[in-house]
Amino acid sequence: MMAHKTPRNVRIESLRLFAIVAIAVFHTFQPLFSQATAWALAGDEGARCAAAAAGDIAAIVAASPVAVGALGFINLFGAFGNCIFFMISGYFLIPRCAQASRDEGYWRIQGVNTLRRAGVILISVALYALLALAIGRFITPLPGISLHETGWLLGGLEFIWVYLAVMVVSPLVGWAWERCRARTPAALSLVVLIYLVNAYIAFISPGDAERGLLEWRKLMSAVTYFAAFLIGGLIAQRALHPATGRRVRVAALVAFAGALCVEIALSVAGHVDILVATSFKSTSAISCALAAISLAARAQPARSAASRRDALIRSAASSILGFYILQSMLYSLWRGGMDLLLADAARSIGAQDTVLCICAVLGAGLIGSLLVVAGFLAIDHVVRKPLLRALRLE
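Residue numbers (this note's numbering): 1 to 394.
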């Protein structure tokens, strides 16, 4: 008889679900943040006022340094959510592989496990690629999605391929982890070095807006997420006493509030260039720190009593891979709807009441993001997950 799998820790799964929402909110507001900061950096108040009067949402937002700072805070959510994804993987995989590395047949067993994980990833990508092609062929055109183009499968899914690479090397990481007596200082030193390079990229040498897959700054994204994977392993070996865990949860809330205040302060002080650099692509040390303290705060034993809410959280969180693939491949589909939603929210108030207009745009974007998440999780629940269960991969 097959042994029942231990239910996933609902505290960790709720954080995984929060990461999904964070990524969705980031993608919703990222273009608006870029446009609003461009207006702020341009310094042409006359042109901005004219554009705002014509209904340009970014120009309206740029009138409020507080709103620009709030968008800067939201712009941290992309790297935050991605770091959470890798940290949780490291939190479970590194100690599991390290503990098993002393067992006979370790490499054979881990080879099988790695093939299984890779199979889940590759089948998920193939399934949703077919779905995207079908939508583009029979329902509505999806720009960039075709058999003659590769960008949507390569650069568009960079995050997924980095995750696959990390899964492949995780047995080696676990083996080395078990045998390295100075694993904590070694891992921390590597993480610090990586983020020093990231700071150089963000503040000094950001490079071109469009990067090739093998451009060194692009490759640093992969290295950064590997650093997040290692941080997850470090958190796993530092079990917190429940009382300490409560203090860490309070510290996490303070950290988020502090990050929001820093972003707003930078914007109000006119340091918009620094504001942009603090959340530049995947380089943000602030995003990584927020992810680490969030995982440390949630890495506590879950309550034993089961509930429907816990089951729903576990089910939804297990679709994070499917969500990421869907939101990337169907970007043009949901992006168009989101832009219309934000425009309608701004138009309903008008540029004459800047504060209320900005609040309407932010509220509409948050609600729209939640709807996108709910829709993609529902699709994943009825399309990908049944297939994985049928193939005995879940």
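Simulated from the structure, these hints should not be mistaken for laboratory data. Just to be clear, a hint being listed does not mean it is correct.
Listed next, with one range per pair, are the computed distances between beta-carbon atoms [what the hints assert, rightly or not]:
id, residue 1, residue 2, range
1, S307, W161, 52 to 62 Å
2, R238, A118, 43 to 53 Å
3, G111, L190, 19 to 29 Å
4, R238, D353, 48 to 58 Å
No more than 16 Å apart at the CA atoms, straight line, and that leaves these computed lysine to aspartate or glutamate pairs for EDC-like [said to hold, decoys possible]:
id, residue 1, residue 2
5, K281, E215
6, K281, E158
7, K281, D208
Built from N, CA and C at the ideal position, the CB exists for glycine as well.
Original post:
Is the hinted pair K281 and E215 satisfied, with a Cα-Cα distance of at most 16 Å?
Top reply: 14 Å, holds
Checklist entry - In this structure, is the beta-carbon distance linking G111 and L190 contained in 19 to 29 Å? => result 26 Å, holds
**Prompt:** Using the C-beta atoms of S307 and W161, is the stated range 52 to 62 Å upheld?
**Reply:** 37 Å, violated
Margin query: K281 and D208 were given as a pair; does the straight-line alpha-carbon distance stay at or below 16 Å?
Written below: 12 Å, holds
(message) Given the hint of 48 to 58 Å, is the C-beta distance from R238 to D353 inside that range or not?
(response) With Cβ atoms ~49 Å apart, the hint holds.
Exercise. Cβ-Cβ distance between R238 and A118: within 43 to 53 Å?
Worked result: For A118 against R238, whose Cβ atoms are near 30 Å apart, the range 43 to 53 Å is violated.
Exercise for the section: Sort out whether E158 lies within 16 Å of K281, counting only the CA atoms. Expected result: Holds, because 13 Å separates the two Cα atoms, which is no more than 16 Å.
Consistency with the previously given hints fails for numbers 1, 2, ordered from lowest to highest.
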